[in-house]
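Colleague: One-letter residues, chain by chain:
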Amino acid sequence: MYKKILLATDGSKHSIRSAEHAIYLADSFDSVIELVYVVGGEKSKEDVLHSVDKYEVKREREEKLRPIQEQLENAGLQYNSHLLHGEPGPTIVKFANENAFDLVVVGSRGLNNLQTMILGSVSHKVAKRVSCPVLIVK
Amino acid sequence: MKLQNLKQDWFGNIKGDILSGIVVALALIPEAIAFSIIAGVDPMVGLYASFSIAVIIAFVGGRPGMISGATGAMALLMVTLVADYGLQYLFAATILTGVIQILFGVFKLASVMKFVPRSVMVGFVNALAILIFTSQLQHFEGEGWIMYGLVALTLAIIYILPKFTKAVPSTLVAIIVVTAIAIFGNIGVRTVGDLGELSQQLPVFLIPSIPFNLETLMIIFPYSLALAIVGLLESLLTANIVDDMTDTESNKNKESRGQGIANVVTGFFGGMAGCAMIGQSVINVKSGGRGRLSALVAGTFLMFLIMVLGGVVAQIPMAALAGVMIMVSISTFDWSSLRNLHKLPKTDAAVMLITVITVVATHDLSKGVLAGVLISAIFFAAKISKVKVNEIVALEGKKKVYKVHGQIFFASVNDLLDKFNFNDKVKEVEIDLSNSHLWDDSAIGALDKIEMKFEQNGIKVTYSGLNEESKHLKKRIGGLSKASGH
Numbered sequence: 001m002y003k004k005i006l007l008a009t010d011g012s013k014h015s016i017r018s019a020e021h022a023i024y025l026a027d028s029f030d031s032v033i034e035l036v037y038v039v040g041g042e043k044s045k046e047d048v049l050h051s052v053d054k055y056e057v058k059r060e061r062e063e064k065l066r067p068i069q070e071q072l073e074n075a076g077l078q079y080n081s082h083l084l085h086g087e088p089g090p091t092i093v094k095f096a097n098e099n100a101f102d103l104v105v106v107g108s109r110g111l112n113n114l115q116t117m118i119l120g121s122v123s124h125k126v127a128k129r130v131s132c133p134v135l136i137v138k
Numbered sequence: 001m002k003l004q005n006l007k008q009d010w011f012g013n014i015k016g017d018i019l020s021g022i023v024v025a026l027a028l029i030p031e032a033i034a035f036s037i038i039a040g041v042d043p044m045v046g047l048y049a050s051f052s053i054a055v056i057i058a059f060v061g062g063r064p065g066m067i068s069g070a071t072g073a074m075a076l077l078m079v080t081l082v083a084d085y086g087l088q089y090l091f092a093a094t095i096l097t098g099v100i101q102i103l104f105g106v107f108k109l110a111s112v113m114k115f116v117p118r119s120v121m122v123g124f125v126n127a128l129a130i131l132i133f134t135s136q137l138q139h140f141e142g143e144g145w146i147m148y149g150l151v152a153l154t155l156a157i158i159y160i161l162p163k164f165t166k167a168v169p170s171t172l173v174a175i176i177v178v179t180a181i182a183i184f185g186n187i188g189v190r191t192v193g194d195l196g197e198l199s200q201q202l203p204v205f206l207i208p209s210i211p212f213n214l215e216t217l218m219i220i221f222p223y224s225l226a227l228a229i230v231g232l233l234e235s236l237l238t239a240n241i242v243d244d245m246t247d248t249e250s251n252k253n254k255e256s257r258g259q260g261i262a263n264v265v266t267g268f269f270g271g272m273a274g275c276a277m278i279g280q281s282v283i284n285v286k287s288g289g290r291g292r293l294s295a296l297v298a299g300t301f302l303m304f305l306i307m308v309l310g311g312v313v314a315q316i317p318m319a320a321l322a323g324v325m326i327m328v329s330i331s332t333f334d335w336s337s338l339r340n341l342h343k344l345p346k347t348d349a350a351v352m353l354i355t356v357i358t359v360v361a362t363h364d365l366s367k368g369v370l371a372g373v374l375i376s377a378i379f380f381a382a383k384i385s386k387v388k389v390n391e392i393v394a395l396e397g398k399k400k401v402y403k404v405h406g407q408i409f410f411a412s413v414n415d416l417l418d419k420f421n422f423n424d425k426v427k428e429v430e431i432d433l434s435n436s437h438l439w440d441d442s443a444i445g446a447l448d449k450i451e452m453k454f455e456q457n458g459i460k461v462t463y464s465g466l467n468e469e470s471k472h473l474k475k476r477i478g479g480l481s482k483a484s485g486h
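Line by line, the protein sequences are chains A and B. Numbering-wise, the first sequence is residues 1 to 138 according to the UniProt record's numbering. Numbering-wise, the second sequence is residues 1 to 486 according to the UniProt record's numbering.
A portion of the hints provided could be inaccurate.
Taking lysine-lysine and the BS3-like style, the derived pairs with C-alpha atoms no more than 30 Å apart in a straight line are [as the list claims (entries may be wrong)]: (1) A:Lys64 x B:Lys383; (2) A:Lys94 x A:Lys13; (3) A:Lys43 x A:Lys94; (4) B:Lys114 x B:Lys166; (5) A:Lys58 x A:Lys94; (6) B:Lys383 x B:Lys286; (7) B:Lys425 x B:Lys386; (8) A:Lys54 x B:Lys7; (9) B:Lys449 x B:Lys460; (10) B:Lys427 x A:Lys43; (11) B:Lys383 x A:Lys138; (12) B:Lys114 x A:Lys54; (13) A:Lys125 x B:Lys346; (14) A:Lys64 x B:Lys163; (15) B:Lys346 x A:Lys64; (16) B:Lys346 x A:Lys54.
No lab work stands behind these hints: they were computed from the structure.
Produce the entire structure from the sequences given, and follow the hints as far as they go.
Modeller: Next up, the structure:
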């Protein structure tokens, strides 16, 4: 049923919890997980400003994905990692719709109403615009 | 192949580039005017600069998709030059700035920028944000609640509108709304027109009317050097950010040269020195701009708007511009550096703070960078000059082995001498240098001195574990200082 799962992550604690759900599903349906980490414009600026060179930027981002990759490896799952650039919401939507996924798994940051209004909810945008089923992990 | 690259740089993303160029042009206008006011010149000087720099960089820059124009960092550097000597000297300084930057590019000095540590760069960005903010405070002096109300309204529109639509830049909507309120409400607030003339003319070629002599050069050179360095620093940082955002590479030496060419031309057309703009470049990439066409569209559309709307621009209230500048300073400031300040190594945090304090105290970004780099160099030397020496007794107390760990150079030799015990009752001493490196004359001098002191007490000294480079150095100058009796 869910052969190809997109797992969106930002390396945070929340996204580790969504990884657990993705792993459970992938185990049950014998699916491939595509791990996606999106670097937004502001994050780009911050990372470049705080790093000596682009190699360090790359290394730090890889380190961020490491805990989740380990989770997937420990579960013995097949997975690929993708680092994408752009605004998180639309970029995940584009990637999901272009690559014919069966399921998208995203974490919800657990913002309150005011924060959602100011920051915008990535999971909400993804749920609205992705054409396949979406699992939002709270 | 080259032609194909050129085609890709220019026409690889026509629709995205044109749309983002228009968005950037709209966002550039208030900034160019506000930066002119910071520098103390007519708004046209900044508008001409943003037009000419954006257009020229589109052709000669090294980073497609990056936006350059009149910037706050540069405007802040020219305040005293304009106040003391006037506009013509600013044009001359702009041309000289360009010449210095071209030389940087030709001699491939862009890589020198890697000697600027990241904590200095963070300090630079934060200091810039603080200066942009404080430069707005003068507009509040002697103003009533109307000024505060309009600034608050501007900021509210800027931050809340994007939640509903991102089709039009919220800064532009804010300016239009506040200007409309000022015009139709007939409230007497100060406007851009009160601060300087706005003409609806294209820039014309001019040669700065200054005396061409050594005295003039001595006046403008310090300003030009500071402008050149700060301009390149911000441009190359911006290029790195655009590289990362678009996941592509760019030519940093070509960019230095391009910035130089743009400034030379701009000086001759009555504009002020500028550089790449972090905020505008991020807006451009986010709005879909990738190619050179985006910068060209941004520049030409900006000029077109000024020609058409010149009269209206003069009626923009200062309150609206102050609001935009407060937003610029908030987004320029690197807030993550405050969040992570306690996590940073103490020396890095100190360097960052010293850079900020120096800039805020002197109002000169280049002095802050210089102070930051110097302090980092001293911290680095202090850190690396820690030398550890372990003693091992061998041959039943007849021989002692000293294992030296660390870099031996002028800053570390003083500590080194204290770590040896010259009055030991041993016959022989072995100095194991396999975990250290001899760097300079002082290192060899120190070893000679150690050898001499041991020999005075009748102890024989041998060395082991020297690496190739250190061996070579020691062979070349070793024994010299001993012979000359230092």
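Colleague: The structure should be examined with respect to each hint, and the outcome stated for every one.
Modeller: A quick look at each hint next to the structure:
Among the hinted pairs, A:Lys64 with B:Lys383 is consistent with the structure: their alpha-carbon atoms are about 29 Å apart, no more than 30 Å. Between A:Lys94 and A:Lys13, the direct Cα distance comes to roughly 25 Å. Compliance with the 30 Å bound is thereby established for this hinted pair. For the given pair, A:Lys43 sits about 19 Å from A:Lys94 by alpha-carbon distance, which is consistent with the 30 Å threshold. The straight-line distance between the Cα atoms of B:Lys114 and B:Lys166 is roughly 37 Å, outside the 30 Å bound, and the hint therefore fails.
Distance restraint check for A:Lys58 and A:Lys94: the Cα-Cα separation of roughly 23 Å lies within the 30 Å cut-off, and the hinted pair is therefore satisfied. In summary, the hint linking B:Lys383 to B:Lys286 is not supported, as the alpha carbons are separated by about 41 Å, beyond the 30 Å threshold. Taking the CA atoms of B:Lys425 and B:Lys386, the gap is near 28 Å; set against the 30 Å cutoff, the hint holds. A hinted pair counts as satisfied when its Cα atoms are at most 30 Å apart, and A:Lys54 with B:Lys7 qualifies at roughly 27 Å.
A threshold of 30 Å between alpha carbons decides the hint, and for B:Lys449 with B:Lys460 the separation of about 13 Å falls inside it, so the pair holds. With a CA separation close to 63 Å, the supplied pair B:Lys427 and A:Lys43 exceeds the 30 Å bound. About 46 Å separates the Cα atoms of B:Lys383 and A:Lys138, which puts this hinted pair outside 30 Å; it is violated. Taking the CA atoms of B:Lys114 and A:Lys54, the gap is near 12 Å; set against the 30 Å cutoff, the hint holds.
Of the supplied pair hints, the one linking A:Lys125 and B:Lys346 is violated, its CA atoms being roughly 41 Å apart against a limit of 30 Å. With a C-alpha separation of about 29 Å, the suggested pair A:Lys64 and B:Lys163 falls inside the 30 Å cut-off, and the hint holds. A threshold of 30 Å between alpha carbons decides the hint, and for B:Lys346 with A:Lys64 the separation of about 24 Å falls inside it, so the pair holds. A hinted pair counts as satisfied when its Cα atoms are at most 30 Å apart, and B:Lys346 with A:Lys54 qualifies at roughly 24 Å.
Comparing the model with each earlier hint shows violations of hints 4, 6, 10, 11 and 13; every other hint is respected.
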